[in-house]
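S.K.: The residues making up each chain are set out below.
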Amino acid sequence: MLTIENLHAKVEGKQILNGIDLDVKAGEVHAIMGPNGSGKSTLSSVIAGHQDYEVIQGTMLMEGQELSDLSPEERAHKGIFLSFQYPIEIPGVSVTNFIKTAINASRKAKGLEDMPANIMLKKIREKSALLEIDSRFLSRSLNEGFSGGEKKRNEIFQMAMLEPKLSILDETDSGLDIDALKVVANGVNKLRSKDNAVIVITHYQRLLEYIVPDFVHVLWEGKIVKSGTKDLAIELEEKGYDWIKEMA
Amino acid sequence: MEFKEKLLASHLALEEKVDLNDAVHQTRLESLKTFEQKGFPSPKDEAWKYTSLNAMVRQDYALFPKAETSIELKKVKKYFLYEIDTYKVVFMDGVYSPFLSDTTHDGLDVCLISAALSKAKYRNLINTYFNKITNKEDSLTALNTSYTLEGAYVYIPKSVVAEKPIEIIHFSTGKEKALWLQPRNLIVVDNNAQVQIVERHQSLKKHSVVTNSVTEIYAHQDALVDYYKIQNDLSTASLIDNTYISQEKNSNVSVHTFSLGGKLTRNNLNFYLKGERCHSTLKGVTLLEDRQHVDHYTLVDHASPHCESHQDYKGVFSEGSKGVFNGKIHVDRLAQKTNAFQQSNNILLDDKATVNTKPQLEIFADDVKCSHGCTVGQLDEDALFYLRSRGIPKKEAKALMTYAFANNVLESVELPVLKKRINKLIAEKLGVNLGFDL
Numbered sequence: 001m002l003t004i005e006n007l008h009a010k011v012e013g014k015q016i017l018n019g020i021d022l023d024v025k026a027g028e029v030h031a032i033m034g035p036n037g038s039g040k041s042t043l044s045s046v047i048a049g050h051q052d053y054e055v056i057q058g059t060m061l062m063e064g065q066e067l068s069d070l071s072p073e074e075r076a077h078k079g080i081f082l083s084f085q086y087p088i089e090i091p092g093v094s095v096t097n098f099i100k101t102a103i104n105a106s107r108k109a110k111g112l113e114d115m116p117a118n119i120m121l122k123k124i125r126e127k128s129a130l131l132e133i134d135s136r137f138l139s140r141s142l143n144e145g146f147s148g149g150e151k152k153r154n155e156i157f158q159m160a161m162l163e164p165k166l167s168i169l170d171e172t173d174s175g176l177d178i179d180a181l182k183v184v185a186n187g188v189n190k191l192r193s194k195d196n197a198v199i200v201i202t203h204y205q206r207l208l209e210y211i212v213p214d215f216v217h218v219l220w221e222g223k224i225v226k227s228g229t230k231d232l233a234i235e236l237e238e239k240g241y242d243w244i245k246e247m248a
Numbered sequence: 001m002e003f004k005e006k007l008l009a010s011h012l013a014l015e016e017k018v019d020l021n022d023a024v025h026q027t028r029l030e031s032l033k034t035f036e037q038k039g040f041p042s043p044k045d046e047a048w049k050y051t052s053l054n055a056m057v058r059q060d061y062a063l064f065p066k067a068e069t070s071i072e073l074k075k076v077k078k079y080f081l082y083e084i085d086t087y088k089v090v091f092m093d094g095v096y097s098p099f100l101s102d103t104t105h106d107g108l109d110v111c112l113i114s115a116a117l118s119k120a121k122y123r124n125l126i127n128t129y130f131n132k133i134t135n136k137e138d139s140l141t142a143l144n145t146s147y148t149l150e151g152a153y154v155y156i157p158k159s160v161v162a163e164k165p166i167e168i169i170h171f172s173t174g175k176e177k178a179l180w181l182q183p184r185n186l187i188v189v190d191n192n193a194q195v196q197i198v199e200r201h202q203s204l205k206k207h208s209v210v211t212n213s214v215t216e217i218y219a220h221q222d223a224l225v226d227y228y229k230i231q232n233d234l235s236t237a238s239l240i241d242n243t244y245i246s247q248e249k250n251s252n253v254s255v256h257t258f259s260l261g262g263k264l265t266r267n268n269l270n271f272y273l274k275g276e277r278c279h280s281t282l283k284g285v286t287l288l289e290d291r292q293h294v295d296h297y298t299l300v301d302h303a304s305p306h307c308e309s310h311q312d313y314k315g316v317f318s319e320g321s322k323g324v325f326n327g328k329i330h331v332d333r334l335a336q337k338t339n340a341f342q343q344s345n346n347i348l349l350d351d352k353a354t355v356n357t358k359p360q361l362e363i364f365a366d367d368v369k370c371s372h373g374c375t376v377g378q379l380d381e382d383a384l385f386y387l388r389s390r391g392i393p394k395k396e397a398k399a400l401m402t403y404a405f406a407n408n409v410l411e412s413v414e415l416p417v418l419k420k421r422i423n424k425l426i427a428e429k430l431g432v433n434l435g436f437d438l
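Heads up: the protein sequence lines correspond to chains A and B, in order.
Number 205 in the numbering used here belongs to position 205 of the first sequence; there are no gaps in the numbering.
Number 358 in the numbering used here belongs to position 358 of the second sequence; there are no gaps in the numbering.
So here's chain A without its partners, still in its complex pose (with noise of 0.2 angstroms):
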C-alpha cells in the first residue's frame, strides 16, 4: 500500500530524515517508536503533506502513485489519514459541520454526490457511539476547549468517519489516562480489516499493548535502525532507547 524508499526530508533548512525505507502492506500494523527528536512526528507530517517539509530524496508511492507530487487534500482523498499529535482549534466549526464538510470534499473529489443527510447522520451516530462521544460534544466548536483525550477521540472519531486506507497515528495515546486510551485503542481496532492499515507513532510501548502491531520499528537521527515484532517494543520498554543508540 505505501512504499518508502531511500526518503530524506528537512523542515526550515534542518535535514530530519536521512534514508528511510518502509513497506506497509494492506491489514498490517506498524509502529514507529523511537526516542524524542528521533524523526518519528516529521516522517508523519511528510506523509500527510505538510508544507514546512520538504523531501529532498527518495520515493513515497502509495498505491504505485509518488505522494510528493500531491497536496494534502489529494492524499486524503487517496486514503491517507494523519491523527495529529496536536489536533488544531477551529473555533466556529462545529464537529458536525466539519466531518460533512471533510467528507463530502472527498466525495466530490472522486466524481460523488454529496452524502445523503440521513445516511450521514446514522454513520455520524454509529462511530460516536462506538468511540463513546456524546451527542452534545459533537456541536462544539471543533477542539476548541477540548481536554486533551477530547481531542484524541475525536481524531479517531474522523478517522471512522473518513474510512482512510492508511491511518497514522502520531503519538495519539500522549495526554491520555488509561481509560481514555483504551476506549481510543478498541475503537482503531474495530476499524481495522484487511484492506486497510495503521501506522502507529509512539514515544512508548502502552497503547502497542492495545493496539497490537505486526511489525515495529525503531527509529533514530532520521532513519530507521532496527526492524521487529511485537517483541521489540517490549524489549525497548525494559531497557530504554539507549542500547539502540548505541547501536547506530
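Please keep in mind that the hints were generated in silico from the structure rather than gathered at the bench.
Be aware that one or more of the hints could be misleading.
[As the list claims (entries may be wrong)] Label-pair restraints from in silico Cβ distances:
no.	chain 1	residue 1	chain 2	residue 2	range
1	B	Arg291	A	Gly13	39 to 45 angstroms
2	B	Phe99	A	Pro116	41 to 47 angstroms
3	A	Ser71	B	Ser371	37 to 43 angstroms
4	B	Lys78	A	Ile119	32 to 38 angstroms
5	A	Ala117	B	Lys74	29 to 35 angstroms
6	A	Ser135	B	Phe99	46 to 52 angstroms
7	A	Asn189	B	Ile363	55 to 61 angstroms
8	B	Ile363	A	Asn186	50 to 56 angstroms
9	A	Gly145	B	Ser159	33 to 39 angstroms
[As the list claims (entries may be wrong)] Calculated pairs, EDC-like style, for lysine to aspartate or glutamate (alpha carbon to alpha carbon, straight line, at most 16 angstroms):
no.	chain 1	residue 1	chain 2	residue 2
10	A	Lys108	B	Glu396
11	A	Lys223	A	Asp23
12	A	Lys108	A	Glu74
13	A	Lys194	A	Asp214
14	B	Lys395	A	Glu74
15	B	Lys394	A	Glu74
16	B	Lys337	B	Asp366
17	B	Lys394	B	Glu381
18	B	Lys337	B	Glu381
[What the hints assert, rightly or not] One-sided and incomplete, this derived list gives chain A residues near chain B with beta-carbon spacing under 7 angstroms:
no.	residue
19	Ala48
20	Pro72
21	Glu73
22	Ala76
23	His77
24	Ile88
25	Pro91
Virtual Cβ for every residue (Gly too), placed ideally from N, Cα, C.
Guided by the hints, dock chain B onto chain A, whose structure is given.
M.R.: Then chain B, alone, in the frame of chain A:
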C-alpha cells in the same frame, strides 16, 4: 455652492416643515451653529485620520426628497425579517412609509419621532431625552440634530417586554440622483423593560446616498436592550452612524454591527455607563472587498463602579478594502472594580487590503481589570493544513476558516432568524458552500 453652504442655507426650508416655537427648534438652531463653526471633519482631526469625507462632501446632494415613493412589498420583502412577526418603522428616502410599517401604541410606543416631537403628550419625554446624551461638540451629530425631522421613536414602559422585535429600516429608492439622509431615532427603555431592535439602511438602486444618522438609546435600571445593525448596502451608499447609549444601574445593552457592504461606513458607537453594575457588549463583524471602507470608532465611558464591558470586533478584508478600528475605553476615578475588555482581530486575505487598529485606554481608577488586544494577520497555516489533511481543498479550507473566524462573533446574537440570515450572508460573501445546517 459648497455642500456645507447648501446645508446652512437650506435650513430655512426645513422651517416650513416644523414647529418653530418648540424647544426642539432652539436645539436645531444651536446645533446648526455648531456645525457652521466646525464644518465637516477633515483627516487633520485625529478621530478622522484614516477616514476621509473630503470626496463625499465635494458632491452635491438633495436634502429634502419628494413625496413618498410607493413600492411593492414583494420588492423589498427580503430586507425584512419576514419569517417572524415584527414591529416595523420603515422610511423611503427619509419619508415615513405607512404601507410598509407596522407601528403600535398598545402597551408600548413604536412610532415616529415626528409624532413624538409634535404631540403634547410626548413633550415631557422629549424634553427629558431628546439630544441629551449626544456629544454636542461632534459636528456630524450637530448637523443631524439641526435637521431633526423624521426617524423612529420607541418607548418601552416599565417592566414591559416587547414581545416582537422592532425593525427600523431606511430605504433609498434612487429617485434622487444623489441624496443626503439624516434620520433621527430615539429609544427609551424604562426600568426592567426589554427590547430587541434591528436597524438597516438599504439602497434599492445604485445611486449616491449618504446617511448621517443619530440614534439615542436610554436603558434604565435593569433594562435589557439588544440592538443589531445590518450594514450590507450597495457600493454606492455611505453611512455615518452616530449612536449614543446611556445605561443606568444593572442595565444590559448589546450592539452587534454587521458591516458587510457599502461604500464608506463610519460607526461612532458611544456607551455611557452611568449606573453601577451595567453590562455592555459591542460586537462587530466586518467583511469587505473591493474599495469598501469601514471605520469603527467606539467609546465606552465607565463612569460608575462594578460595570463590565466587552468589545469584540472581527474583520476580514480583501481587494483594496480598508478597515479601521479605534476603541476608546475611559474609566473614571470613581469607577472602581471595572472590567473592560477589548479585542480587534483582523484577517487580510491579500496584500492590497489594509487595516488600522488602535486601542485607547484612559484609566483613572486603580482597582480595575482592563485588557485589549489587536491582531492583524493571515490565516493560520497549521490550521489550514489540518483542514486540508481531512480532504478539504485549499480554497474551501480558507473560506471555511474565514467563515469560522467571522462567525464566532454571532454566538451572542439572540435572534435566531437574524443569526441564520447573517450566517448565510457571510458564507455567501466568502463563497463557502454550506453543505450543513447552521
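S.K.: Now, for every hint given, state plainly whether the structure supports it.
M.R.: Cross-check of the supplied hints:
no., hint, verdict
1, B/Arg291 x A/Gly13: 39 to 45 angstroms, "41 angstroms, holds"
2, B/Phe99 x A/Pro116: 41 to 47 angstroms, "45 angstroms, holds"
3, A/Ser71 x B/Ser371: 37 to 43 angstroms, "40 angstroms, holds"
4, B/Lys78 x A/Ile119: 32 to 38 angstroms, "33 angstroms, holds"
5, A/Ala117 x B/Lys74: 29 to 35 angstroms, "31 angstroms, holds"
6, A/Ser135 x B/Phe99: 46 to 52 angstroms, "47 angstroms, holds"
7, A/Asn189 x B/Ile363: 55 to 61 angstroms, "58 angstroms, holds"
8, B/Ile363 x A/Asn186: 50 to 56 angstroms, "55 angstroms, holds"
9, A/Gly145 x B/Ser159: 33 to 39 angstroms, "37 angstroms, holds"
10, A/Lys108 x B/Glu396, "12 angstroms, holds"
11, A/Lys223 x A/Asp23, "14 angstroms, holds"
12, A/Lys108 x A/Glu74, "12 angstroms, holds"
13, A/Lys194 x A/Asp214, "13 angstroms, holds"
14, B/Lys395 x A/Glu74, "13 angstroms, holds"
15, B/Lys394 x A/Glu74, "10 angstroms, holds"
16, B/Lys337 x B/Asp366, "9 angstroms, holds"
17, B/Lys394 x B/Glu381, "11 angstroms, holds"
18, B/Lys337 x B/Glu381, "40 angstroms, violated"
19, Ala48, "5 angstroms, holds"
20, Pro72, "4 angstroms, holds"
21, Glu73, "5 angstroms, holds"
22, Ala76, "4 angstroms, holds"
23, His77, "6 angstroms, holds"
24, Ile88, "4 angstroms, holds"
25, Pro91, "5 angstroms, holds"
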